Amino acid sequence: MKLDGSIAAVVTGGASGLGEGTARAIAATGAKVALFDMNAEKGEAIAAEIGGVFCHVDVTDDASVAAGFEKARAAHGQERLTVNCAGIATGQKTVSRKKDTGEIRAHDMAQFERTVRVNLFGTFRVLSQSAAGMVTLEPMADGERGLIVNTASVAAQDGQIGQAAYSASKGGVYAMTLPVARD
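Heads up: the sequence shown begins at 1 in our numbering, then just goes up one per residue.
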């Protein structure tokens, strides 16, 4: 896909890190960029710098994602490019022992579930809503209606100590991407 001023794009996690860098690079091509993120202060500032639009989006919530797409599409039209960068990196061993008391603790399941909700479910939630919009578009000259890029991590295949939740979530993103593309 050739990026230019005719392309509308959505970047999740666009207010920092990889998402911010991706949003800036896409905007530099002339494409119209919508940033989805929870950090309104940074997101608004970056959107203003790159001539984009900021959408306060919680990728763990269907209604929030739908509202983000509604705002982005009202500003730029139907997106042809979505890049999923939103994610959190948590670290905790499966089992650990407190140094001062010797107490043994199992991994905090709320932390594990939140990591999977944001990284895996959030990626799927965004890509499925984006794909539903893309299928309404007429194909471009190359036959594409749109492009969705998911970001995972080397931890998807080679997680380190304390990365069980993160590795599981990114492994899920890695594993679902090809079947989703085939859909």
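Quick caveat, the hints were computed from the structure, so don't treat them as lab data.
Please read all numbers here as calculations on a predicted model, not as lab measurements.
Keep in mind that the hints are not guaranteed to be accurate.
[Stated by the list, open to error] Once the Cα atoms are required to be at most 20 Å apart in a straight line, the calculated EDC-like pairs of lysine to aspartate or glutamate come out as:
{"#": "1", "residue 1": "K42", "residue 2": "E20"}
{"#": "2", "residue 1": "K98", "residue 2": "D108"}
{"#": "3", "residue 1": "K71", "residue 2": "D61"}
{"#": "4", "residue 1": "K2", "residue 2": "E144"}
{"#": "5", "residue 1": "K71", "residue 2": "E20"}
{"#": "6", "residue 1": "K42", "residue 2": "D58"}
{"#": "7", "residue 1": "K93", "residue 2": "D108"}
{"#": "8", "residue 1": "K71", "residue 2": "E113"}
{"#": "9", "residue 1": "K93", "residue 2": "D158"}
{"#": "10", "residue 1": "K71", "residue 2": "D58"}
{"#": "11", "residue 1": "K2", "residue 2": "D142"}
{"#": "12", "residue 1": "K93", "residue 2": "E103"}
{"#": "13", "residue 1": "K2", "residue 2": "E113"}
{"#": "14", "residue 1": "K71", "residue 2": "E44"}
{"#": "15", "residue 1": "K93", "residue 2": "E113"}
{"#": "16", "residue 1": "K71", "residue 2": "E49"}
Hints and how they fare:
{"no.": "1", "hint": "K42 x E20", "verdict": "10 Å, holds"}
{"no.": "2", "hint": "K98 x D108", "verdict": "14 Å, holds"}
{"no.": "3", "hint": "K71 x D61", "verdict": "16 Å, holds"}
{"no.": "4", "hint": "K2 x E144", "verdict": "11 Å, holds"}
{"no.": "5", "hint": "K71 x E20", "verdict": "19 Å, holds"}
{"no.": "6", "hint": "K42 x D58", "verdict": "15 Å, holds"}
{"no.": "7", "hint": "K93 x D108", "verdict": "9 Å, holds"}
{"no.": "8", "hint": "K71 x E113", "verdict": "29 Å, violated"}
{"no.": "9", "hint": "K93 x D158", "verdict": "15 Å, holds"}
{"no.": "10", "hint": "K71 x D58", "verdict": "14 Å, holds"}
{"no.": "11", "hint": "K2 x D142", "verdict": "10 Å, holds"}
{"no.": "12", "hint": "K93 x E103", "verdict": "14 Å, holds"}
{"no.": "13", "hint": "K2 x E113", "verdict": "38 Å, violated"}
{"no.": "14", "hint": "K71 x E44", "verdict": "14 Å, holds"}
{"no.": "15", "hint": "K93 x E113", "verdict": "14 Å, holds"}
{"no.": "16", "hint": "K71 x E49", "verdict": "18 Å, holds"}
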